[in-house]
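Single-letter residue listing:
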Amino acid sequence: MNIRLNGTEQSVADGASVSTLVTQLTGRSIGPDGRAADGRKLGVAVARNAEVVPRSQWHATALADGDDVELVTAVQGG
Amino acid sequence: MNETTFAGTHVVPMTGAVADPFVVDGVKLGSRLIMGTGGAPSLDGLGAALVASGTELTTVAMRRYSPAETGSLFQLLEDHQIRVLPNTAGCFTAKDAVLTAELAREALETDWVKLEVIADEHTLLPDAVELVDATEQLVARGFKVFAYTNDDPVLALRLENLGATAVMPLGAPIGTGLGILNPHNIELIVSRASVPVVLDAGIGTASDAALAMELGCDAVLLATAVTRAQNPVLMGEAFKHAVIAGRLAKAAGRIPRREHALASSAMEGRAEFL
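Chains as they are written, first to last, in this note's numbering: chain Z, 32 to 109; chain R, 5 to 278.
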């Protein structure tokens, strides 16, 4: 299926969870609680169709075809 | 060492930062300088400038994750144990600002947010209507709102009454370095506020920050004045001292301005030359 990730079309496995997507992008293994397995903070957040998906829900939230996903992090800014 | 009492706290000259914490939302910060991370050409330089400034709180923006350039800023702030104040820079509507704040809370695990809702890219001035709307929504959602606002005493009080944790009036438009264009309004905002007042935006050099503190502000927030200075580390250090100097001067009480000169040497007892 196809989703829009940070403004770009991307294909992901059918039924992939938000957790899977975050792992793919960050290269970090993520536990069922939405925290990095290495114990360090991830520092990212996910919005799906303009609604925040709390990290505790990443594991249980399956993506759907056509979803619009934004994955953000902290960058330099005043 | 001599101590002066100011607003119920002890200000110890030279170590004012330790004895005179900036308390906001019950958190004690050892510096009254909030240094933003915007505008720095490199992360290494930014780290050195942050350390030189003595800041314990810094702003960041929320942007799309890019695998190539990630982790480092977040890591830098973790390494230096500098608390993060995420902003909603780039938001033009209350709706976008609320969503950005929600994302920041998730990503950075803080309910503090520097609320910035700008009207247009040319002036970067706050849009008062959207700002009020967003403040109301964010307070209801449990955020601690640090509201970046115009230097408008009426609006500042409105934001406080809506539950803002701190009000942050601008000295001048973002990035202009024009200093404090309306000191009278800043003084008026301070005199009526019951929450911390942070002078935010427009600071160009150290004396601007000292003036903000002399006007009674609780802290100063700046970024480009340091990050785009010719020597950011030196400027960071200059600001560290400027906020302390201004704070002490405010506590000390300045002499009144006079129309005419007033000699400090007695006229009596002068030698007479015939």
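Read the hints as simulated data drawn from the structure, not as lab findings.
Careful, some of the hints might be misleading.
[Unchecked claim] No farther apart than 20 Å at their CA atoms in a straight line, the calculated lysine to aspartate or glutamate pairs in the EDC-like style are these:
hint	chain 1	residue 1	chain 2	residue 2
1	R	99	R	140
2	Z	72	R	106
3	R	148	R	83
4	Z	72	R	100
5	Z	72	R	29
6	R	99	Z	99
7	Z	72	R	83
8	Z	72	R	113
9	R	99	Z	82
10	R	99	R	83
If you test the structure against every hint from before, which numbers come out violated?
3, 4, 5, 10
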